[in-house]
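Visitor: In order, the protein sequences belong to chains A and B. Per my numbering, the very first residue in the first sequence carries number 1; after that it's consecutive. Per my numbering, the very first residue in the second sequence carries number 296; after that it's consecutive.
If you are wondering where the hints come from, they were derived from the structure by calculation, not from laboratory data. Note that the structure is a prediction, hence the values are computed from the model and not measured. Among these hints, one or two may not hold up.
[To be verified] The calculated lysine to aspartate or glutamate pairs, modelled on EDC-like cross-linking and capped at a C-alpha distance of 16 Å, are:
| # | chain 1 | residue 1 | chain 2 | residue 2 |
| --- | --- | --- | --- | --- |
| 1 | B | K428 | B | D657 |
| 2 | B | K587 | A | D134 |
| 3 | A | K135 | B | D577 |
| 4 | A | K135 | B | E569 |
| 5 | A | K43 | B | E393 |
| 6 | B | K743 | A | D134 |
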Amino acid sequence: MSSNIYRDKKPVFVFLIPAFLFMAVYLYYPFFRNIINSFRQIKQLGSPGIGWNNPWYANYVEMLYDDIVWISLKNTLIMMAVTILGQVGIAVVLALMVDNIRHGRQFYKTVFFFPIVISATALGLLFNLIFLYDKGMINQILESLGKTTLTDWKAEGIALVTMMLPVMWQYVGFYFVILVTGLNNIPDELYEAARIDGASTWQKVRYISIPLLHNVICTCCVLAVTGALKVFDLPWVMFPKGMPLKTTFLTGTYMYYHTTQTKNVDYGSALAVLIVVLGIVLSKVVNRIFKEKDY
Amino acid sequence: MKKQILSLVLAGAMIASLTACGGSAPDTEGAKESAKESTAAENGTADAGTDAAASVELTVTTTFAGEDGNAQNFKNAVAAWEAETGNTVADTSATSDETFKTRVVTDFETGSEPDVLFFFNGADANSFIEAGKVVSIDEIRAAYPEYASNMNDDLIADSLVDGKKYAVPVNGYWEAMFVNKEVLDAAGVAMPGANYTMDQFKADCEKIKAAGYAPIAAALGNIPHYWWEFAIFNNQSPANHLEIPASVDDANGQAWVAGMNDIKELYDLGYFPENTLSATDDETFAMFTEGKAAFLIDGSWKVGGIVSACQSDPEDPATLDAEKLSHFDVTYVPGKGGDRKATDLVGGLSMGYYITKKAWDDPDKRTAAVSFVEYMTSDELVPVFAQHTASALKVAPVVDESQFNELQVKAMNMMAGVTSLTGAVQDLFQGDCRVPTFDGMPEIVTGKVDAADAVAEGLDLYNNQ
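Based on the sequences and whatever the hints tell you, model everything.
Guide: Next comes the structure, spelled out in structure tokens:
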């Protein structure tokens, strides 16, 4: 009797049904509905639309000729590079440094993780004040150092950097905590043996920590790339409508812009499909590049 | 077998608990509501014109929020109505912008519209009027003959959909040019008057710029609406301003193109703030109130925003710095020497209270909704909201200026000299047709897109709607 209950898998399926139904109603149905919407003419959110586009794939053709789509794709790819180098890269350095100190580890863990618990919208408002043209924190500091003119940190040439810095800063702590946990899983005996063999701190990091962190770093990179595709709230709060001159649009913000601001809901739906396709393709590519090793 | 039965029971319980989140509780409430409805239905229209008998919660959405000068008035009026009737109001008001409009229209599309809303009566309302989701004033009057009887019907706007009247107006609006006189004094510029021309305006802007100030407070990358409206108006007349061009090549179309090029000229002359393409409207407004910019074209609702900026506590009128407020004035928008005089302004009664079909079909809410709108549009409350703007009251009350602050009085004096008020053509030009010239304004002023091409693109989108 006792062994039978483990062999019989039917109850497991029964328990999976509620979760499946939930996903079907709130994820898969809207997803397929969105694909249909991308072929229709819809001017209001929630409306079924006034008919099919002519031709039905018109939005996808328009995307090819829409300069802003290409700008948003380029910006999203830059954002991915920034997340891998800026977020994961800095997190690795911080994690290794914190792992090598005796006192204050918990303090640094809390300090670096803290930005994660603040909502992205609040952070957007915060950084708006920091980068504000008139009386912003940075311009005030520069003024006190003798600069006589104000710098527009949201001007065309520098806007992308201004947008990506807070996004990068916000998630460093997230990857930092994952990496510190990974470092904690490395057996102390390895470091002890290396120390007895006369290895320096750098050699311990180079030949023990980093190789054994490989799989954790790969996981972080996959999370960072897929996360970069979803970045929306902070850039939208800081640079609504892709300001200035529509140069700061990401795929997510451009989709939102068309869906809610220009009343071109069907084009927004087509952009959402593009984001999903991009997400699937990039996840595959990233999983292949950052393949985990078996030890 | 017992295990299987137990599994099924547990799974069933999980599904039931999930369903309960959205289903069971409302069913109980629904039964109660049904009972109430049937009781009320039996009473028919016997309650017409009276306050709700039982406590009802009305969902109300208005634009009386944020920096709107009537935000506090609305809060006070709601509290007074609640105290008087025992009903409650779930207030979902928000600042009037494109996001607010989208939210309201989406709420209607998804069946989650409020019971009462204070909303635009132009093209913005077309979708929910077409869908029959709001009740006309005539239909309400059939059951409640006194509804909006204190209003002059000729001043209540007809729907663009079916010509019926739906929205009971409270306060009108005007758009004019606010002035920071402190900046004018520093630049040696006199306060503009009723015959202000664009040439004089440019000469003044040059002096202001030379004195180290931004002449015009405007965020062209965020809210170019007011300049868009007046720049076009300056190339037309009050008689034809509300005619949307059939094409870019006709006279009106060319007036629109000329208007866009006029804004570009001001941009090229450096009269907008250096960060006008990357700033938000709030930022440029702050420049104006903090004495870093001289002119601000905006609506009558901005009077409240300026007054708030002169208070140490924006919520407490007692903290008003009267000396700071005295630096602000409001005047006419310079004319270009054509058919539009400086004193021909944009304004009117563009909003009003709607009662939704959903509330109307609920006997309890019907009475409460009618009571609420009647209260908000009463002879006593309308003047409180209208202040220096127009109203549709049959008997306009005598204005007691002693109740108004200095800027409100200046606004009333300015309004006394207005020669005409014309509606905003952008209220008729709705949807994605606006994008090429509104969101595309930065591209137009920087020369990346030709004004004629942008206008043509917008008109094509409008004509294909």
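Visitor: List in ascending order the numbers of the hints, as given earlier, that are violated by the structure.
Guide: Hint 6 contradicted; others consistent.
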